[in-house]
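Since the structure of chain A is provided, determine the placement of chain B on it from the hints.
Here is how the chains run, residue by residue.
Number of protein chains: 2
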Amino acid sequence: MKANVTITLKKGVLDPQGKAIEGALHSLGFDGVENVRQGKLIELELPETDREAARAQVEAMCEKLLANTVIESYRIDLV
Amino acid sequence: MKANVTITLKKGVLDPQGKAIEGALHSLGFDGVENVRQGKLIELELPETDREAARAQVEAMCEKLLANTVIESYRIDLV
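If you read the protein sequences in the order shown, they are chains A and B. Counting with the UniProt record's numbering, you get residues 1 to 79 for the letters of the first sequence. Counting with the UniProt record's numbering, you get residues 1 to 79 for the letters of the second sequence.
Same shape as in the complex, but just chain A (with noise of 0.2 Å):
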């Protein structure tokens, strides 16, 4: 079963990243963008095919490792 996981930064943590992207963006030309967020997507595979036990399993992926859950939140999609 294939996996997304997508980890974005919960909502009042700052994000250089998304600063320095917008402000890059902004000296390209770009001058309303605002809101600038990076995230991260994991695409995966495991032999699970069971959704709810494959779904357990990557959310034990993210609580010990995929995702810093004091500052980020993570979605699970199976595909």
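What you were told as hints is all true, and nothing was included just to trick you.
Simulated restraints, written as ranges between beta carbons of each label pair:
id, chain 1, residue 1, chain 2, residue 2, range
1, B, E45, A, I71, 18 to 28 Å
2, B, N35, A, N68, 18 to 28 Å
3, B, R55, A, K2, 24 to 34 Å
4, A, A53, B, A60, 41 to 51 Å
5, A, K64, B, R51, 37 to 47 Å
6, B, L28, A, S27, 39 to 49 Å
7, B, D31, A, E52, 11 to 21 Å
8, B, R55, A, A53, 32 to 42 Å
9, A, I71, B, G12, 30 to 40 Å
10, A, L65, B, R51, 33 to 43 Å
Keeping only pairs whose Cα atoms sit at most 30 Å apart, straight-line, the calculated DSBU-like set for lysine-lysine is:
id, chain 1, residue 1, chain 2, residue 2
11, B, K40, A, K64
12, A, K64, B, K11
13, A, K2, A, K40
14, A, K64, A, K10
15, A, K19, B, K2
16, B, K10, B, K64
17, B, K19, A, K64
18, A, K64, A, K40
19, A, K40, B, K40
20, A, K10, B, K64
21, A, K64, B, K10
22, A, K40, A, K19
23, A, K2, B, K11
24, B, K2, B, K64
25, B, K2, A, K11
26, B, K11, B, K40
27, A, K40, B, K10
28, A, K10, B, K2
29, A, K19, B, K40
Hints listed in this document are in silico derivations from the structure and should not be mistaken for laboratory results. Just so it is clear, CB atoms sit at the ideal spot from N, CA and C, and this is done for glycine as well.
Same frame as chain A, now just chain B:
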């Protein structure tokens, strides 16, 4: 208008970060995990209200800055 840009490595391009995550997951006991690939998700807001014009602007942002189109492909979702 809000846009989500998903940037992923093109097929066949080596993904050392993905490999590192895969190895770490294995060492945490998630043995069967395979084909781990890491990409970027960039969320941004632009003042443009016309969807086509907004898509064209975001495409220009991708081509000029957000994606390295030699090794990366991008997908634009207008929200």
